Amino acid sequence: MKIGKISRVLVPIAFVSALALSGCSASSAGTSSADAATSAGSIVLSNSFIGNAWRQTMVDDVNKSAAAAKAAGQASDLKVVNSNNDVAEQISQIQSLILDKPKVILLLAASPTALNGVIQTACDAGIKVVAFDASVTAPCAYKMAPDWVKFGHETMKVVADKMGGKGNVVLVHGVVGTDVDLGMYQGWNEELKSNYPNIKIVGEVNGNWDDATTQSAISGALSTAGKVDGVMAYVSSYGVTQAFAAANLPIPVVYGSNQGTFLKWWAEQNKANGYSTESAMEGPAISQAAYWIGVNLANGKEFDKNLVYPTFKITDATVAEVSAKTANDAFADQTWDEASVLKQWPAK
Amino acid sequence: MFETMGEAIGEPGQASVSVVNRLEIVDVAKAYGSTRAVRDITVSFDSSQISAVVGGNGAGKSTLMKMIAGEVASDAGQLLLNGETLGTGDYTPAKAHAAGVRIVHQELSLFGSLSVAENFYIEQGSSGSAGFGWRKRARRTAEAALTEAFGASHGILGSAKVDALNAGQQQMVEIARAASSPGLRVLILDEPTSALGIEYIGTLAAFVRQLQHRGIVVLFITHKMSELPKLTDRIVVMREGNLVADMPTVDSTTDGLLSIMLGGEHGIAMRSAAASDQRQHHHAVDAAAKVLVSVTGQRSQLAGGIAVSAGEVIGLVGLQDAGQEQLLRAIQTRSDKNIVRAGTSAYITGDRKSEGIFPLWDSESNLVVSAVVNRSSWIPFRKARLHAIAETWFSRLNLSGVAAKKRIVDLSGGMQQKVLFARGLATDAELLLLNDPTRGVDLATKGDMYQLVRDAVAAGKGVLWYSSEDSELQQFDRVYVMHDNSAVAEFTGDDISTESIMKSAFASQDSRREEAVQPSTRQRVLASLSALSRQPWIFAFIGLAIVLGVIDSKQHILTYFFGLGLILTLAPVLALAATAQMFILSVGDIDLGIGAFMGLIGVIAATSLTTNPPLGAALIIGAILLYPLLAWFLRVRQFPALVATLAMSFVYAGLALTILPNVGGEVPTWLTSISHINTMILPLPVWILILVAAAGWFIVERTALGTRIRALGSNPSALESSGWNVTLVKVLAYALAGVTAAIAGLLFAGIATSGDAGAADGYTLMSIAAVVVGGCEFLGGKVSPLGVVLAATLLSLMGVMLGVLAVPPLFTAASMGVLLLLVMGLRRIVTQARKA
Amino acid sequence: MTLSPAPQSPSPLADDRPEPRRGLRSVTQALRARPWTVAVAASILIVLFLLPISERNGLDLLLSNIYLASFVAIAGFGQMLVVSTGRGAIDLSIPFTITLCVYVATIVQDGGDQNIPASIGLTILVGLLVGAVNGFAVVVLRVPAMVATLAVGFIAQSIVQIVSSTGGHAGSSPAVAVAARGDVLGIPIFVIIAVVVGAVIAVLVFRTGFGLRLVGTGQNDSSALLAGLRPGAVRWTAFILSGGLAATAAILLGGYSGGASLGVGESFLISTIAAVVLGGTLMSGGSPSVAGTLAGALLLTLLVTLTNTLQVSTGTRSLIEGLVILTALGIGAQKRR
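Protein sequences appear in the order of chains A, B and C. Heads up: the first sequence is residues 194 to 541, going by the numbering used here. Heads up: the second sequence is residues 975 to 1810, going by the numbering used here. Heads up: the third sequence is residues 320 to 656, going by the numbering used here.
Rather than coming from a laboratory, the hints here were simulated on the basis of the structure. Just so it is clear, the structure is predicted and the values come from calculations on it, not from any experiment. One or more hints might be untrue.
What the hints assert, rightly or not - Partial list, computed: chain C residues near chain B (C-beta under 10 Å):
| id | residue |
| --- | --- |
| 1 | Ser373 |
| 2 | Ala456 |
| 3 | Met465 |
| 4 | Gln480 |
| 5 | Leu504 |
| 6 | Ile508 |
| 7 | Gly537 |
| 8 | Ala546 |
| 9 | Ile592 |
| 10 | Val596 |
| 11 | Met602 |
| 12 | Arg636 |
| 13 | Gly641 |
All C-beta atoms, glycine included, are put in the ideal place defined by N, C-alpha and C.
Please work from the sequences and hints to get the whole structure.
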């Protein structure tokens, strides 16, 4: 098949030479099209995953802030790009975003270290990178997140105290390997070891911060576990309660989540039989805080690289009021505007 | 009786001056459980005569030949070639090859996706040289062998893909290939003329005569009594595992042979059924009978088209592969709008293995399946009723009850054929479509089948029957002569004869030849476009061009060296991963563990490779060795690759998480600096992509190993029979994949600058998508290294393109899915259009 | 007396097992006799291993694991049907179909009982629709099943994200949630449902014309086409049924979780494949095993329970899962020649 043979060789050569020729005529300073949405001065958000309620709320929240900023003439449009929890995809997306030459990239990273290369490329190109929630180890990025180890200590103390300092506890992991999970877990363990020797860890399950997954995992653990007096969870506490209910077992002390479903359940239980717990979360509105930092960075202000984020706490006293205001899939949360952000993290 | 196509060629019975080779079979026996297939046979064959081994159903001829060729181990006795033992117990096809023994089976063992020349190369076994220029040598060998066997006008190019040849040409290649093996001493041909065009039988006869004169022992297994005097000097008759007669061909008669084969009285009934001189039916067809099928349009050059009515037996004849089988299939599957089928039909085939039997079932189930599914798909059936149906047919077919429960693959060919026959008849269909159902079947069974057809016709069925045997012409009321996918002539009653058929078939051929015209420019352009569209990588290429175009329109990427390099940074990683997947695919497997493996490599790179380079290197090599180890397991234990690699993905992930439970580590600087190398003319990723494509293409298409790998994907059993160590080939293919995947993992780690066990997981499914979009096929081992790289680049850029088009984030996942389906759908549309 | 090892696929008309013989060979022969024997044996082993270290009694342990396994089993039947059509067919869209269907079910139920019939009907319809799209891509567009179902899964994923971001978190109906916790004579209702579904599928596969067509298509596609088995329709139907079964599992999951969440279907990709494989169904097609899929689902659930109870690290957990699958394959596979 002579024709086939020739085309097999010619066509790729033609393709590659076309590329080469176009590359030859390139100048290293490329030109971007004058598309309004991608013009210099804009802010972009690279989000690693959109597939749960927290992330969706996070994006909604930041869009609200962006709308407010645009109305007030402080910034142009916000562009949001989501990947599918895929490191390679996010790297690719950030590279593409760099070509838009934004002033600031807000980043929710799929991996604490894998994006370092592309983050450095962005910094070298003069773009400021604000990594929030999931931290990164890249030295040039701003990092906004709670102190997870400290958070672990504090929250474990609450549950341990309510357990009376003794009994069996089950720990529920989030997405294993993330710094959030690692930090919290470290905090929980250290707290138990140093201050609560009479509390025994009888199970560790993977909850992936998802109610359904958590429920399955706890149910599995319950099939062999004895009496459980406390469960340490984060975000997916409702799933924990459902697992116990499905197994017709009394519900132990469960560290709470700020999600509407759990809050409603907690409020009811608290009213009916005085069920007592506490809940604190890094709410989705962290994106708003990151956004305002970003706006200020774009306008030339300077901040600390390390921005510790305060979690939003709910107690027995406040749960009734808060749960009434929170929809099932929403999270009770603080909100941020520019003033409150600058108050929390003063500019340098 | 012995009608020949002209003069007998050569001089049958004339002994050549000296005996060069001698095959002795001494007390050889073989039993399968309680069935004794071959019972203590002693016979010898030498090169002074061409011999045929004939016999009825279950006579043991095939088993005996397989033992000579090393495919089946004998239970007792010895095989001696020129006084030296051929080995018992550990006598393999490879050893047979080495000793110069070759067998050409009824079922062809060619590699469809390889070229004729490559097939010849594989056939030579490990003795074939793979040095520089081996391809050219192989091509010359192939063409020379074909010319020697079949004359200069065979018209088969050494570079032609075997898939593209018709059945007759394939058989010619098969025979020429076997006959040309160096050091050939014994050549066994099992039904060699079954697919061969009649025009070549004479040439074959002359060719084997030459071989015999050269001192080669030639053995035939054949059922075609009429060919015996043409082809053979000596006839050996087997019956029920014993040797019952041995005579010169000149001393034999068909009747005599039959009665020996059938052992006496039984033969009389068969003979009268099978070998009668008279026309089988003389009845006039009822003009009011229902027309069961009528074919018009391109498939018939006759005024009335092709028509079959109830109560008729119509034959489809002509040269091999003239479209008879395709017509029958088209009628059965209703795939042609020019075919109007007015009733139910059943398709009965002689090609049992590929389109007839259901290999995992017993013969009873194979029999009743069509009848059952015709009734109702959704209402449960009662077993007892089906047992009854099966029993009725088993007794009609003279098959024992024991055979009913056996797996159909354990039955002999003739018995399988009977079961398939019964399957069609059991549906009570109005029209029976017979695709050469007596191919390779013994005479007694043939007789039974002819009777079944007669009974069916008497009951009012219509029969359309493709036959490749002259002796069956007597069965037909009318015949249509097919040539080049179209009916060119029609004969009725006494006009039906081999001469008249051949004349009309050859006449068409001649007239066609005269019409050969120079193609116009427009036709040339269309032809080259068509050839282009056949390239497996073309869709990936078009897709990539479109995606680049879209991105460029928004970001002028193609003129922006830095930008192009930036968005293509990860494309080489996917290209490498997809190439690794391609190596696995080319041996017919799939790898679901590649992403996890890359993560493992990355983790090693971020830990030991930095802190303790020799250890790190050793670990990486160790990890790579897991691939060939897996291949060895897959071969020895016959695990399905899909599940085994899925299991391995857990193992890789587990190992990676054990080495590095938390994300981190530090990749050595030499690795991270690779992605920062400055290059000229083209950005670095593009150079890497070109390199990967070129290397992949060279390995797969140009090296001997690559040919062997593709052969494995195409036809594993044939590769084994040729004497190659299939396990070794598979292991090497997997080793290639492992090395490529490791490079991908290292490159990825260099870009990510850290270790993360799960970070590369997405590459598993993406590499599969790239391989498919790039034009590779899951079955048959057809791969396209260029297509794979193009597709990988395309997929890497899809995300960027969606971003550039400002597709709302919630739609990103859907867009990927839709785009994948679009590319595949486009490919399908074009393939369909090309067929029309 | 057959001459070769017992076939994987009992022919539809076959009745008796091979004759029993004594000795070790008979043990391995017995293990190979039926596709599900390996999974059942392994499950028993794990239960025996867990009993001493578990705080609960054997019956509780078994029942709660069987309960959890019932979701995987139902979805697993769908995977089994698809895989059995041969030519490397597999359904990678199951996790997304399940998540989507849980949302549909709970949104229609909206925390009340009055819409239960409508929610069941609509959910199954959505599942069947996804299956139909899969079938279209595989049969008409001739896209390899792995890629086709992956692509369709991506599309379903987007739909889920859109649905959840605009409508969100409705509660499941209390009646279904009660059914999730209820039992009949000590056996959980959902387990009964899973077994009933399994029985229906078994009848379908082994006693109907469709089943013959399915198994025949998986064994040899060309033979099936020419013997009038209509393999294209069979494949399409298999995908549709898989979608419908995923939807059924989703309805139960909705009751179990009390609502929908985005991660609900995630684990079902690997778990359905693993359940089918561990249960002895041939991945090459033509040899489905309903009992095997049930046993495989149970084995998988027990495996997760085991690793949870032993509190092994994630890495070790992954290693164990991989090795178990390989071992199951090893026992079940036949040696060459």
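Verification of the supplied hints:
Taking 10 Å as the C-beta cut-off, the interface hint given for Ser373/C is violated, the closest approach to chain B being about 24 Å. Against a cut-off of 10 Å between C-beta atoms, the interface hint on Ala456/C holds, since the closest Cβ of chain B lies about 6 Å away. Hint on Met465/C holds. Least Cβ distance to chain B is approximately 6 Å, under the 10 Å limit. A hinted interface residue such as Gln480/C counts as satisfied when its beta carbon comes closer than 10 Å to some beta carbon of chain B; here the least separation is about 5 Å, so the hint holds.
At a threshold of 10 Å, the smallest CB-CB gap from Leu504/C to chain B is about 28 Å, leaving the interface hint violated. Taking 10 Å as the C-beta cut-off, the interface hint given for Ile508/C is violated, the closest approach to chain B being about 26 Å. Below 10 Å, beta-carbon pairs count as interface contacts, and Gly537/C has one with chain B at about 9 Å; its hint therefore holds. Among the interface hints, the one on Ala546/C holds; its C-beta lies about 5 Å from the nearest C-beta in chain B, closer than the 10 Å criterion.
Annotation: interface hint on Ile592/C holds; nearest CB of chain B at approximately 7 Å, less than 10 Å. Of the supplied interface hints, the one on Val596/C holds, with its beta-carbon coming within about 5 Å of a beta-carbon of chain B, less than 10 Å. This hint holds: Met602/C has a C-beta 4 Å from the nearest C-beta of chain B, less than the 10 Å allowed. Because the smallest distance between the Cβ of Arg636/C and any Cβ of chain B comes to about 7 Å, under 10 Å, the interface hint for this residue holds.
This hint holds: Gly641/C has a C-beta 3 Å from the nearest C-beta of chain B, less than the 10 Å allowed.
The structure shown violates the earlier hints numbered 1, 5, 6.
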